[in-house]
Amino acid sequence: MAIKVYIPGPFRVATNNSSKIEGYGDDVGEVLKDVGRRYPGIKALIFDSKGEVADHVCVFINGRDINTLQNNGTKVTEGDEVSIVPAMSGGAVPFTEEQIRRYSRHIILPQVGGKGQRKLLGAKVLLIGAGGLGSPTALYLAAAGVGTLGIVDFDTVDISNLQRQILHHNHDVGRLKVTSAQESIADVNPDVQVIPHALALTSENALEIIRQYDIVVNGCDNFATRYLVNDACVFLNKPLVDGSIFLFEGQASVFMPGRGCYRCLYPAPPPPGMVPSCQEAGVLGVLPGIVGCVQAIETIKLILGIGEPLAGRLLLFDALSMDFRVMRLRKDPSCPVCGDNPTITELIDYEEFCGAPITVG
Amino acid sequence: MSVEVRVTSLLQKAIGGAKSVSAQGDTISALLDNLESSYPGFKSNVLADNGELHRFVNIYKNNEDIRYLGNLDTPVGSGDVISILPALAGGSTSCRP
Ligand SMILES: [Zn+2]
Numbered sequence: 001m002a003i004k005v006y007i008p009g010p011f012r013v014a015t016n017n018s019s020k021i022e023g024y025g026d027d028v029g030e031v032l033k034d035v036g037r038r039y040p041g042i043k044a045l046i047f048d049s050k051g052e053v054a055d056h057v058c059v060f061i062n063g064r065d066i067n068t069l070q071n072n073g074t075k076v077t078e079g080d081e082v083s084i085v086p087a088m089s090g091g092a093v094p095f096t097e098e099q100i101r102r103y104s105r106h107i108i109l110p111q112v113g114g115k116g117q118r119k120l121l122g123a124k125v126l127l128i129g130a131g132g133l134g135s136p137t138a139l140y141l142a143a144a145g146v147g148t149l150g151i152v153d154f155d156t157v158d159i160s161n162l163q164r165q166i167l168h169h170n171h172d173v174g175r176l177k178v179t180s181a182q183e184s185i186a187d188v189n190p191d192v193q194v195i196p197h198a199l200a201l202t203s204e205n206a207l208e209i210i211r212q213y214d215i216v217v218n219g220c221d222n223f224a225t226r227y228l229v230n231d232a233c234v235f236l237n238k239p240l241v242d243g244s245i246f247l248f249e250g251q252a253s254v255f256m257p258g259r260g261c262y263r264c265l266y267p268a269p270p271p272p273g274m275v276p277s278c279q280e281a282g283v284l285g286v287l288p289g290i291v292g293c294v295q296a297i298e299t300i301k302l303i304l305g306i307g308e309p310l311a312g313r314l315l316l317f318d319a320l321s322m323d324f325r326v327m328r329l330r331k332d333p334s335c336p337v338c339g340d341n342p343t344i345t346e347l348i349d350y351e352e353f354c355g356a357p358i359t360v361g
Numbered sequence: 362m363s364v365e366v367r368v369t370s371l372l373q374k375a376i377g378g379a380k381s382v383s384a385q386g387d388t389i390s391a392l393l394d395n396l397e398s399s400y401p402g403f404k405s406n407v408l409a410d411n412g413e414l415h416r417f418v419n420i421y422k423n424n425e426d427i428r429y430l431g432n433l434d435t436p437v438g439s440g441d442v443i444s445i446l447p448a449l450a451g452g453s454t455s456c457r458p
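Read top to bottom, the protein sequences are chains A and B. Residue numbers for the first sequence follow the working numbering, so the first one is 1 and each next one is one higher. Residue numbers for the second sequence follow the working numbering, so the first one is 362 and each next one is one higher.
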């Protein structure tokens, strides 16, 4: 028999904005299954992967919680009204009504769902650099609801940054980048806690900082920091989402613990001065947008545990030919940090390793 | 035999400004020699004084790193695409140690 089913505001994205729909069946379970069949978006919202009503949903019949009746087996008859209500119970971090609305496009994706959104909200990601790469990464991770974003950057905003560093605005010139980043992120999503680290990463502080996070995203410009972050991530078993840019070209890769590292790819940096910096040579402003977004996607995939990470692969992007290519990247058994017989087992002097002064960027 | 060699922007100057160039040879080594004869000085961008690949430069045959094939002796044939990729570091300038 046809039973009226009330759909809450945040879920109406899946019912063409209808607040009342009909479901057929003799008990609540049958009615909900029927609704799920006819509205696949609703199915993703109300059922978990096992086909049970998800933790973030309560079901009421004529105002009574079915948990206090016979659950899914509760009989329904003509004139009953079944209501679906976003639940705030169930042990996990509860969603607010606003969060369900904010993240509805994620929650209706079967690959994300309420469960995945909770993972995002619970994730702690460290961004190295709030510059060209860090800007799009930070904004998209914040918008996606990644709950904790640490940002390492000691610099202040310069007007020449605004050509590509979209975290910062005109009125931020002269201010600390981490402060400006914190404000921009709060404007995008107040759910996100930003932890500013207004300092330069060094061999003395890197382990202590990186230890507090689940994933590290590298958007830094120089080889010394690149090797420092790599080694620290290897020692702490943290996934590293790497990206770099130059002129019109970018590279990105994900280094998963035990599956190779940046040193497996490039065992040593070029001698100082051999590679000009972006500051010296220039960089297309949109370029870090592409590479930073690739890094943001990879970070979110790692948090959710979906898809194939960009691990064991090096993505090459050329803006001028608009060409993406992928090279195979292997773990080097002779790698000094992650190989079979590592010779570097603690952080070293990276300025010395890269040859001071560092002039790349 | 003629093989396509692609370079990134860092090396374009060394081959007359092009993104890719065709070179003659049946190994990576022979291709590099051939490029050196057309573009004197080219090889120093890729090889160290000891004749080995710089540790900050990778060469790929199609999508495989030649370190896991036969290094500079890796055979190449027509249809192969060789890519020479030096490390890039660009990003934010404000996080150096
Ligand atoms: Zn390694």
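Keep in mind the hints are simulated off the structure, nothing from the lab. Remember, predicted model here, so these are calculated numbers, not experimental data. Any given hint could turn out to be false.
[Claimed, not checked] Negatives, chain B to chain A, calculated, CB over 12 Å:
id : residue
1  : Ser370
2  : Gly377
3  : Ser383
4  : Gln385
5  : Glu397
6  : Pro401
7  : Asn406
8  : Gly412
9  : His415
10 : Gly431
11 : Pro436
12 : Ala448
13 : Leu449
[As the list claims (entries may be wrong)] Stretches of chain A that chain B covers, calculated by requiring three or more beta carbons in the stretch to come under 8 Å of a beta carbon on chain B:
id : segment
14 : 8 to 18
15 : 36 to 50
[Unchecked claim] Straight-line C-alpha distance at most 25 Å; calculated SDA-like pairs for lysine to any residue:
id : chain 1 : residue 1 : chain 2 : residue 2
16 : B       : Lys380    : A       : Lys124
17 : B       : Lys422    : A       : Pro309
18 : B       : Lys380    : A       : Pro271
19 : B       : Lys374    : A       : Lys43
20 : B       : Lys380    : A       : Lys43
21 : A       : Lys238    : B       : Asp434
22 : B       : Lys380    : B       : Lys404
23 : B       : Lys374    : A       : Met322
24 : B       : Lys404    : A       : Lys115
25 : B       : Lys374    : A       : Leu284
26 : B       : Lys422    : A       : Lys124
27 : B       : Lys380    : A       : Gly25
28 : A       : Lys331    : B       : Lys380
29 : B       : Lys404    : A       : Leu207
30 : B       : Lys374    : A       : Pro272
31 : B       : Lys374    : A       : Gly285
32 : A       : Lys331    : B       : Glu397
33 : B       : Lys380    : A       : Leu207
34 : B       : Lys404    : A       : Leu284
35 : B       : Lys422    : A       : Lys20
36 : A       : Lys115    : A       : Ala268
37 : B       : Lys374    : A       : Lys301
38 : B       : Lys380    : A       : Pro309
39 : A       : Lys331    : B       : Glu413
40 : A       : Lys43     : A       : Gly25
Beta carbons: idealized from backbone N, C-alpha and C, even for Gly.
Cross-check of the supplied hints:
Listed as outside the interface, serine 370/B is inconsistent with that label: its C-beta sits roughly 5 Å from the nearest C-beta of chain A, within the 12 Å cut-off. Once the 12 Å rule is applied to beta carbons, glycine 377/B is consistent with being away from chain A; the minimum gap is 17 Å. Against the 12 Å criterion, serine 383/B stays outside the reach of chain A, whose nearest CB is about 17 Å from its own CB. No Cβ of chain A approaches the Cβ of glutamine 385/B within 12 Å, the least distance being about 24 Å, so the stated non-interface status holds.
The Cβ of glutamate 397/B lies farther than 12 Å from every Cβ of chain A, with a closest approach of about 18 Å, so its non-interface assignment holds. Interface exclusion of proline 401/B from chain A stands, the closest Cβ pair being 18 Å apart, more than 12 Å. At the 12 Å boundary, the C-beta of asparagine 406/B falls inside the reach of chain A, the nearest C-beta of that chain being 9 Å off. With a least CB separation of 17 Å from chain A, glycine 412/B remains clear of the 12 Å interface cut-off, as annotated.
A cut-off of 12 Å between C-beta atoms contradicts the statement that histidine 415/B is not in contact with chain A; the least separation is 7 Å. The beta carbon of glycine 431/B is kept farther than 12 Å from every beta carbon of chain A, the shortest such distance being approximately 15 Å. In this structure proline 436/B is separated from chain A by more than 12 Å, as the shortest Cβ-Cβ distance comes to about 18 Å. At roughly 4 Å, the least C-beta separation between alanine 448/B and chain A is not larger than 12 Å, which violates its mark as non-interface.
Remark: the non-interface label on leucine 449/B conflicts with the geometry, its nearest Cβ contact in chain A lying 4 Å away (cut-off 12 Å). As drawn, the segment 8 to 18 of chain A meets chain B at 0 residues by the rule of a beta-carbon pair under 8 Å; below three, the given contact is violated. Coverage of the segment 36 to 50 of chain A by chain B is violated in this model, with 0 residues showing a Cβ closer than 8 Å to a Cβ of that chain against a need of three. Distance check on the hinted pair: lysine 380/B and lysine 124/A sit about 40 Å apart at the alpha-carbon level, beyond 25 Å; violated.
For the proposed pair lysine 422/B and proline 309/A, the alpha carbon gap of about 23 Å is at most 25 Å, so the pair holds. With a C-alpha separation of about 24 Å, the suggested pair lysine 380/B and proline 271/A falls inside the 25 Å cut-off, and the hint holds. Distance restraint check for lysine 374/B and lysine 43/A: the Cα-Cα separation of roughly 57 Å exceeds the 25 Å cut-off, and the hinted pair is therefore not satisfied. Between lysine 380/B and lysine 43/A the alpha-carbon distance is near 51 Å, which puts this suggested pair outside the 25 Å criterion.
The hinted pair formed by lysine 238/A and aspartate 434/B fails the criterion: a straight-line CA distance of about 36 Å is larger than 25 Å. The straight-line distance between the Cα atoms of lysine 380/B and lysine 404/B is roughly 16 Å, inside the 25 Å bound, and the hint therefore holds. Distance restraint check for lysine 374/B and methionine 322/A: the Cα-Cα separation of roughly 20 Å lies within the 25 Å cut-off, and the hinted pair is therefore satisfied. With a C-alpha separation of about 54 Å, the suggested pairing of lysine 404/B with lysine 115/A is violated against the 25 Å cut-off.
At roughly 18 Å between alpha-carbon atoms, lysine 374/B and leucine 284/A fall within 25 Å of each other, so this suggested pair holds. Proposed proximity of lysine 422/B and lysine 124/A is contradicted: the alpha carbons are some 38 Å apart, above 25 Å. Using a Cα cut-off of 25 Å, the hinted pair lysine 380/B and glycine 25/A is violated, with the two alpha carbons roughly 65 Å apart. A distance of roughly 29 Å separates the Cα atoms of lysine 331/A and lysine 380/B; the hinted pair therefore is violated under the 25 Å criterion.
Of the supplied pair hints, the one linking lysine 404/B and leucine 207/A is violated, its CA atoms being roughly 39 Å apart against a limit of 25 Å. Our distance criterion of 25 Å between C-alpha atoms is met by lysine 374/B and proline 272/A, whose separation comes to about 19 Å. Restraint check for lysine 374/B and glycine 285/A: satisfied, since their Cα atoms lie roughly 22 Å apart, inside the 25 Å limit. With a C-alpha separation of about 31 Å, the suggested pair lysine 331/A and glutamate 397/B falls outside the 25 Å cut-off, and the hint is violated.
As the CA atoms of lysine 380/B and leucine 207/A are separated by approximately 40 Å, the hinted pair breaks the 25 Å bound. A hinted pair counts as satisfied when its Cα atoms are at most 25 Å apart, and lysine 404/B with leucine 284/A does not qualify at roughly 28 Å. Distance hint between lysine 422/B and lysine 20/A is unfulfilled; the C-alpha atoms sit about 60 Å from each other, more than 25 Å. Straight-line distance between C-alpha atoms of lysine 115/A and alanine 268/A comes to about 41 Å, which puts the hinted pair past the 25 Å bound.
For the hint pairing lysine 374/B with lysine 301/A, the CA-to-CA distance comes to about 38 Å; that exceeds 25 Å, so the pair is violated. Between lysine 380/B and proline 309/A, the direct Cα distance comes to roughly 29 Å. Violation of the 25 Å bound is thereby established for this hinted pair. Only pairs whose Cα atoms come within 25 Å are accepted, and lysine 331/A paired with glutamate 413/B is accepted, the gap being roughly 20 Å. For the given pair, lysine 43/A sits about 16 Å from glycine 25/A by alpha-carbon distance, which is consistent with the 25 Å threshold.
Against the hints set out earlier in the document, violations occur for numbers 1, 7, 9, 12, 13, 14, 15, 16, 19, 20, 21, 24, 26, 27, 28, 29, 32, 33, 34, 35, 36, 37 and 38.
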